[in-house]
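Engineer: Letter by letter, the chains look like this.
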Amino acid sequence: MNPLILTIILMTVFLGTMIVMASSHWLMIWIGFEMNLLAIIPILMKKYNPRAMEASTKYFLTQATASMLLMMAIIINLMHSGQWTITKVFNPTASIIMTLALAMKLGLTPFHFWVPEVTQGISLTSGLILLTWQKLAPMSILYQISPSINLNILLTMAVLSILVGGWGGLNQTQLRKIMAYSSIAHMGWMAAILVYNPTLTMLNMLIYIMMTLTMFMLFIHSSSTTTLSLSHTWNKAPLITTLILITLLSMGGLPPLSGFMPKWMIIQELTKNSSIILPTLMAIMALLNLYFYMRLTYSTSLTMFPSTNNMKMKWQFETKQITLLPPLIIASSLLLPLTPMLSILD
Amino acid sequence: MMTYIVFILSVIFVIGFVGFSSKPSPIYGGLVLIVSGGVGCGIIMNFGGSFLGLMVFLIYLGGMLVVFGYTTAMATEQYPEVWVSNATVMGVFLLGLLMEVMLVLYVLKSEEVGVVFKFSSVGDWAIYDIGNSGVFSEEIMGVAALYSYGAWVVVVTGWSLLVGVLVILEVTRGD
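If you read the protein sequences in the order shown, they are chains A and B.
Reading the first sequence from the start, the letters are residues 23 to 368 in this note's numbering.
Reading the second sequence from the start, the letters are residues 106 to 280 in this note's numbering.
Derived from the structure by calculation, the hints contain no laboratory data.
Be aware that one or more of the hints could be misleading.
To be verified - With a Cα cut of at most 25 Å, we get these calculated SDA-like pairs of lysine to any residue:
hint, chain 1, residue 1, chain 2, residue 2
1, A, Lys110, A, Lys69
2, A, Lys110, B, Ser130
3, A, Lys69, B, Val258
4, A, Lys68, B, Lys214
5, A, Lys80, B, Lys214
6, A, Lys80, B, Val258
7, A, Lys69, B, Gly201
8, A, Lys80, B, Ser130
9, A, Lys336, B, Val123
10, A, Lys68, B, Val197
11, A, Lys69, B, Ile120
12, B, Lys128, A, Lys68
13, A, Lys69, B, Glu275
14, B, Lys128, A, Ser89
15, A, Lys69, B, Leu202
16, B, Lys128, A, Lys110
17, A, Lys68, B, Thr277
18, A, Lys68, B, Val258
19, B, Lys128, A, Thr87
20, A, Lys68, B, Val194
21, A, Lys80, B, Leu199
22, A, Lys69, B, Ser130
23, B, Lys214, A, Met101
24, A, Lys80, B, Val270
25, B, Lys128, A, Thr84
Stated by the list, open to error - Computed footprint of chain B on chain A, listed as stretches where at least three residues anywhere in the stretch have a Cβ under 8 Å from a Cβ of chain B:
hint, segment
26, 54-60
27, 256-266
Ideal Cβ placement from N, Cα and C applies to all residues, glycine included.
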């Protein structure tokens, strides 16, 4: 793509999310969402094969439907409260429709069907932007309307997302689909704690973004999109193999890595609010996630995966340069001792 | 009839939208959009927005739809689809018409309609007086406010339109 056009489009993606996060008028928030959606379509369609075009079309259709639902909820809110500020949604119908619209944008169950297909059809870098940056805007709106969200709907969607994210990822060998199902499960964890303590949602979002960023950077470095291709990295860059092991275990939520921090805090907060069965169920379902991360580490770092003899040397184009990998590795594995610093938040 | 003119116009508006949502060829979609645009202009003018109605006719119908009509005429096929040529299009159109007729009967028969929000049967569509407007027309004040207090909105929408054009050109560029 022409560098000037690419700059303008990336700037507009950034501007769209910033407008969503910084506005207090519902119409500007909707405008920010639409700007974000419009500008990310050419980024998803960077390669002009039919798979990428189909993925972009699916993404556009689901996000546009979600924006329309959001607009309807905004208008119902306007009718019942007579004002456009974002502080509190005054009508239960508007609140429910808004929650469903934002869940569609995030990829929570039962609106998760687009996430694996869109993530699989696009390149690794586009998938990175899709799974990290695009989650910021809807989550910030959910944070702001969190006092008036219907608890039953949100918790149902959260638990179902963790289930679907765990079970859906079990049969996958394509790395982008694995990351998509991991995103669905993490969004479920974030949505579960939203009504009780929204600060933990933001903490989970921060740690999730760092870990997903790290994983995608490692995949881009080894130019691998399948498990088989990833299992050859021991030959070319053994350090990358070790880092994949550490980051995947952190994503699975194992102490003493930093992926444990959000899960621990969420379970603690849920039990403080006298719900015991729900966090138990969520923790058990997170084991499904851990299983397919462990399978990736087993085939990549812990064993020599079976392949033909002349494939033992990893064949790839020249190594892509990855940005910021050392700080990302540190952030996604060693942050657990900083947990007492959470007391400075709300 | 003049007291219920907004109700009648909005029914024609919805029927027009059903007409092009049932997906005949884009030429006929544009034709129905002209009718819907004109009727929409009538609805706005009944609420006192003469300037905005003029905007609809000039910019939307006279600018955007004309360009749309020319581009569709360049890209159209030899036998474009009408509402009666394809059973699916006909079926969807009739289904939409049926639902609209049922809704209109529901609104007319019952005193109050409370589907998602409440509005009383036809009374809410009648124009009596639009509140204490005072001396100034609210609509012109709104347009003035857009360019003074709402300068940021103009900047954002202008930027969105520019990026929209760039995105469309980038997407349709192909290889």
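Engineer: All hints are to be evaluated individually against the structure, with a verdict given for each.
Structural biologist: Hint check:
1. A:Lys110 <-> A:Lys69: Violated, because 42 Å separates the two Cα atoms, which is more than 25 Å.
2. A:Lys110 <-> B:Ser130: violated, 44 Å
3. A:Lys69 <-> B:Val258: violated, 33 Å
4. A:Lys68 <-> B:Lys214: violated, 55 Å
5. A:Lys80 <-> B:Lys214: Status violated; Cα separation ~42 Å.
6. A:Lys80 <-> B:Val258: violated, 29 Å
7. A:Lys69 <-> B:Gly201: violated, 39 Å
8. A:Lys80 <-> B:Ser130: Holds, at roughly 23 Å.
9. A:Lys336 <-> B:Val123: This hinted pair is violated, its Cα atoms lying about 57 Å apart.
10. A:Lys68 <-> B:Val197: violated, 36 Å
11. A:Lys69 <-> B:Ile120: Violated. A:Lys69 to B:Ile120 sits at ~41 Å, over the 25 Å cutoff.
12. B:Lys128 <-> A:Lys68: With a Cα-Cα distance of about 30 Å, the restraint between B:Lys128 and A:Lys68 is violated, given a limit of 25 Å.
13. A:Lys69 <-> B:Glu275: OK: A:Lys69 and B:Glu275 at ~12 Å, within 25 Å.
14. B:Lys128 <-> A:Ser89: Given pair B:Lys128, A:Ser89 holds - Cα atoms ~22 Å apart, limit 25 Å.
15. A:Lys69 <-> B:Leu202: violated, 42 Å
16. B:Lys128 <-> A:Lys110: violated, 39 Å
17. A:Lys68 <-> B:Thr277: It holds: about 12 Å lies between the C-alpha atoms, which stays within 25 Å.
18. A:Lys68 <-> B:Val258: violated, 30 Å
19. B:Lys128 <-> A:Thr87: Status holds; Cα separation ~18 Å.
20. A:Lys68 <-> B:Val194: violated, 35 Å
21. A:Lys80 <-> B:Leu199: violated, 28 Å
22. A:Lys69 <-> B:Ser130: This hinted pair is violated, its Cα atoms lying about 30 Å apart.
23. B:Lys214 <-> A:Met101: holds, 24 Å
24. A:Lys80 <-> B:Val270: holds, 21 Å
25. B:Lys128 <-> A:Thr84: Status holds; Cα separation ~20 Å.
26. 54-60: Holds, because 3 residues of the segment 54-60 of chain A bring their Cβ atoms closer than 8 Å to Cβ atoms of chain B.
27. 256-266: Violated - the segment 256-266 of chain A has 0 residues with a Cβ nearer than 8 Å to chain B, which falls short of three.
When held up to the earlier numbered hints, the structure conflicts with 1, 2, 3, 4, 5, 6, 7, 9, 10, 11, 12, 15, 16, 18, 20, 21, 22 and 27 and fits the remainder.
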